[in-house]
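Protein chains: 2
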Amino acid sequence: MQKAIELSFQGQREGTGGPFGAVVVRDGVIVGQGQNLVTSTNDPTAHAEIVAIRDACRTLGTFQLAGCELYTSCEPCPMCLGAIYWARPDRVYFANTRHDAANIGFDDAFIYDEIPLPIQERKIEMIHLPMPEAQAAFQEWQRGGDKSLH
Amino acid sequence: MQKAIELSFQGQREGTGGPFGAVVVRDGVIVGQGQNLVTSTNDPTAHAEIVAIRDACRTLGTFQLAGCELYTSCEPCPMCLGAIYWARPDRVYFANTRHDAANIGFDDAFIYDEIPLPIQERKIEMIHLPMPEAQAAFQEWQRGGDKSLH
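Protein chains in written order, with the numbering used here: chain D, 2 to 151; chain B, 2 to 151.
The shape of chain D in the complex, shown without the other chains (with noise of 0.2 angstroms):
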């Protein structure tokens, strides 16, 4: 937690994004980490968790991180947390809280809200357009596709 902490200054004082890091550690070992690289590098999917799962991934050659655990600065926000699902470590440490993070201005706390919504009542306008051409695709890859994703 020590270095996820560390990457959390190191983040906002390089001018890389906000003050957030995370570390995945396996055996003992660091073998991923990230800090916040949203503003620096254009790509508002670049939080400290998400970035230090590709990372880990890169690493170990998986998309899966069975085995390992993940330390974060502070809670997940529901990106972030969705990641985790995907990426599946064993546990999770983290610090600060949503809360923590909703006085200093990310206020996660509203997508934590907007997620369970039903579609129509959510802030971001979504449409579902059902087509058929959609469906087919997704029959191509139950007949045939690589199931290794399951």
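No lab work stands behind these hints, which were simulated from the structure alone.
Some clues are possibly wrong.
Which residues of chain B face chain D? A few of them, derived with a C-beta cut under 7 angstroms, are [unchecked claim]:
no., residue
1, Phe10
2, Gln11
3, Pro20
4, Asp44
5, Gly62
6, Phe64
7, Ala84
8, Arg92
9, Leu118
10, Glu126
11, Leu130
12, Met132
13, Trp142
14, Gln143
These stretches of chain D come out as covered by chain B in the derived footprint (C-beta under 8 angstroms, 3 or more residues) [unchecked claim]:
no., segment
15, 23-36
16, 124-130
Partial pick of chain D residues on the chain B-facing surface, computed with a CB cut under 8 angstroms [claimed, not checked]:
no., residue
17, Ile54
18, Glu134
19, Phe139
Predicted, not measured: the structure shown is a model, and the values here were computed from it.
Yeah, the Cβ is synthetic: ideal placement off N, Cα and C, and Gly gets one too.
Dock chain B against chain D, hints included.
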């Protein structure tokens, strides 16, 4: 939407990942596109929407997609939905639903269920380790960090 669906076929046929595609459009012009690249790039965050958002931000030189629309061949998973809230396109169109995705083995619905849960009830263990150094990083940000992220 035709282009997003085309990418969803392309991804699975090229073996880059699952049957998902997305494009970002501004003023009727495609400014970003993506297909699922999870398995081919060992990146669990490389969902079509994330790839398309990153691509559009690179093209436009910004980390916010105001004035843009996202077309995706399938309803975004919670990770992508989180990314959408951070990138803030004006609206999102999707073809297949999360239930269609579950039917072919992509259980985004499970993650939708997990995100609103209290931390101690989640399937991936999450442990709060409050640390004064992490708080100090937030205080430093509040005193003088780059606030353009807000």
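Hint-by-hint comparison with the structure:
1. For B/Phe10, the interface hint holds, since its Cβ comes within 7 angstroms of a Cβ in chain D; the closest pair sits about 5 angstroms apart.
2. For the restraint placing B/Gln11 at the interface with chain D, the shortest Cβ-Cβ distance is roughly 10 angstroms, beyond the 7 angstroms limit, so the hint is violated.
3. Below 7 angstroms, beta-carbon pairs count as interface contacts, and B/Pro20 has one with chain D at about 4 angstroms; its hint therefore holds.
4. The criterion of a C-beta within 7 angstroms of any C-beta in chain D is met by B/Asp44, whose closest approach is roughly 5 angstroms, and the hint holds.
5. Given the 7 angstroms rule on beta carbons, the hint for B/Gly62 holds: about 6 angstroms separates it from the nearest Cβ of chain D.
6. At its closest, the beta carbon of B/Phe64 sits 5 angstroms from a beta carbon of chain D; the interface hint therefore holds under the 7 angstroms criterion.
7. Hint status for B/Ala84 relative to chain D: holds, with the closest Cβ pair at about 5 angstroms, below 7 angstroms.
8. Interface restraint check for B/Arg92: the shortest CB-CB distance to chain D comes to about 4 angstroms, inside 7 angstroms, so the restraint holds.
9. Interface hint at B/Leu118: violated, since its Cβ lies 10 angstroms from the closest Cβ of chain D, which is beyond the 7 angstroms cut-off.
10. Hint status for B/Glu126 relative to chain D: holds, with the closest Cβ pair at about 4 angstroms, below 7 angstroms.
11. Taking 7 angstroms as the C-beta contact cut-off toward chain D, the hint placing B/Leu130 at the interface holds, the least distance being around 5 angstroms.
12. With its C-beta approaching chain D no nearer than about 5 angstroms, B/Met132 sits inside the 7 angstroms limit, and its interface hint holds.
13. Interface restraint check for B/Trp142: the shortest CB-CB distance to chain D comes to about 4 angstroms, inside 7 angstroms, so the restraint holds.
14. Evaluation of the B/Gln143 hint against chain D yields a held restraint, the C-beta minimum of about 5 angstroms falling below 7 angstroms.
15. Interface restraint, the segment 23-36 of chain D with chain B: violated (0 residues with C-beta to C-beta distance below 8 angstroms; minimum three).
16. Coverage of the segment 124-130 of chain D by chain B holds [criterion: at least 3 residues with CB-CB distance below 8 angstroms; count 6].
17. Checking D/Ile54 against chain B by beta carbon gives a least distance of about 6 angstroms; that is within 8 angstroms, so the hint holds.
18. Because the smallest distance between the Cβ of D/Glu134 and any Cβ of chain B comes to about 5 angstroms, under 8 angstroms, the interface hint for this residue holds.
19. Taking 8 angstroms as the C-beta contact cut-off toward chain B, the hint placing D/Phe139 at the interface holds, the least distance being around 5 angstroms.
Hint check: violations occur at hints 2, 9, 15; the rest are consistent with the structure.
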